[in-house]
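J.: Residues per chain are reported as follows:
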Amino acid sequence: MRRFVFVLVCFVAMLVPVAVLASGGEGGFNGVVRTLEVKYHVHATRIPFLGLISLVMGKNAEYGVSNLHVAEFDDFHEAMDGEELNSMVAQKLGPEWERVIRETSRFGEEQSLIFMHPEGRRMGLFVLDAGGQELDVVQVSVDAEHLSDKINEYQHHSHHNDEGD
Amino acid sequence: MKVRTGLLKWGALGLSCLALGSRVAVASVAMFASGVVFAGAEAAAQDSGLPLPPAVEKELAAKASDVTEVTLGKNMLGFAAKFMNGKDEDEAATRKLIEGLQGIYVREYEFDKEGDYSMEQIEQLRKYFETSEWTPIVRERERKGRESTDVLVKLVNGESHGMFVLEAEPKELTIVLILGPVNVDDLSKLKGLGGLGSLGDVQKDIKGKKGGEE
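Protein chains in written order, with the numbering used here: chain X, 1 to 165; chain H, 1 to 214.
By construction, these hints were calculated from the structure, which means they are not laboratory data.
Watch out, some of these pointers could steer you wrong.
[Stated by the list, open to error] Okay, derived cross-link-like pairs now, DSBU-like style, lysine-lysine, Cα gap no bigger than 35 Å in a straight line:
#, chain 1, residue 1, chain 2, residue 2
1, H, Lys127, H, Lys63
2, H, Lys113, H, Lys127
3, H, Lys58, X, Lys39
4, H, Lys63, X, Lys39
5, H, Lys171, H, Lys74
6, H, Lys171, X, Lys39
7, H, Lys113, X, Lys39
[What the hints assert, rightly or not] Stretch-level coverage of chain X by chain H, calculated; a stretch enters the list once three of its residues show a Cβ under 8 Å from a Cβ in chain H:
#, segment
8, 37-45
9, 114-127
Ideal Cβ placement from N, Cα and C applies to all residues, glycine included.
Bound conformation, chain H alone:
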């Protein structure tokens, strides 16, 4: 999963700055076009906002060679919704979805070598969500134990009010937490938001695995 994807909208911002004709502006704004942009966060800028055990998050970040964090709080999701004018049916549906969400959190950790994170850390993350509120919908373990996928949904009165995805590979760990009314089919709608392009892949992955279990 890579954050630097799907950021066409911000390319236009780059264009406006390119009009300045400055090499510095060109160089600086190039990152907009290259896709380093956009998303949103919770209240405190210093806090990650992700409701995970902070110790585990810190340990993983310390061991990882590359860390990507996307934090979209309610404020920022509201702003993102403004980019969808609602004239198009799909955009209107996505806008409605985004406006109802409380937050989207993505953490991706890439490691230099296998074993840089422990299975105990993965277990700690799983246990954190193993409460009566969260229901597992996908639980896949590879025989050797180094690859696994967990998808849990938060059910309130039979309706989904959150989704947690934990995907572990030997040298990569991805955590996605979406708070608010959301289901698997909605993931592809969210991929239009900058930085969340890979949610579409997560959806395919989940659907594939759910299909496999049936």
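Next up, chain X with everything else stripped away, as it sits in the complex:
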């Protein structure tokens, strides 16, 4: 019986670090958000049912926007190491994501990172923006041509309105 308990305890002891490592190894949007939560001891606000909303948007979106993920950190006071943040995000997103814009201030108070990932005729966008006491993380997939057509419609409409004024 004592041997059984010993084996059980060893098994559990081995399982804990494995579980911790597994959660730490989560990639993508969730991986970035979880890592920020753990590293800076903050909690992200997420929109309930965003996955469902995103799915509906993906089917009906007028602008070709889908796969929307949003997380917001309020009262984010920690100064961040821009290089470390960049490496973490790049690692979590994986090599298929390319960083296109990075703005960083030396003392870490403002950080912006934009990564993109071609998805056929769509494009995945990942944006992390920290400023003041807030940090926002957004991931979205857009259909460039669809979105472009809509924007042109708005511009055309706006142009006509301007002429009318």
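Following the hints, complete the assembly by docking chain H onto the known chain X.
T.: Same frame as chain X, now just chain H:
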């Protein structure tokens, strides 16, 4: 030069998300509207992609109070081209230009005080491009030596296949590298791409200086 410019197209993306009516979505997507968006990069996300001496780039970044990096690789330029439907003549020309480019790299370093970067660092950057392939078209030095502009083009069989701009001010340093068939007149076409709005100013600057030399 500021990255947060000229990003009207992405404002529409913000609009679609605003439709969700969530405060979080509003707050998060606001950065799209405020112009923090868009561009493209080379293969590895971790690498800067800019073919400059990495040590100099790191040293400058370490000293700067603010660093802005825009990296548009061939993939991302191809995607950006999709935003130009080609119905308009100018858009069609810009689309053709973008599709032919291999990459656009912009680095802007802002410093708290003069002397935070050294003239040796500037010289290292210049020397890196002082090869037979690159031909200087603008070389301007202010008498006190703290302000300078260098514009070099990469000539292959008499045609421009790249452009390098190095603009140094006492507290600001701007590096622009465009790889692919491009000339000074094309810079204003590229300003339509988010994050590259200031290329139009660079063009004016170069033209002004070229005019001054003539």
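J.: Evaluate each hint against the coordinates.
T.: How the hints compare with the structure:
| no. | hint | in the structure |
| --- | --- | --- |
| 1 | Lys127/H / Lys63/H | holds, 21 Å |
| 2 | Lys113/H / Lys127/H | holds, 25 Å |
| 3 | Lys58/H / Lys39/X | holds, 25 Å |
| 4 | Lys63/H / Lys39/X | holds, 26 Å |
| 5 | Lys171/H / Lys74/H | holds, 32 Å |
| 6 | Lys171/H / Lys39/X | holds, 34 Å |
| 7 | Lys113/H / Lys39/X | holds, 33 Å |
| 8 | 37-45 | violated (count 1) |
| 9 | 114-127 | holds (count 8) |
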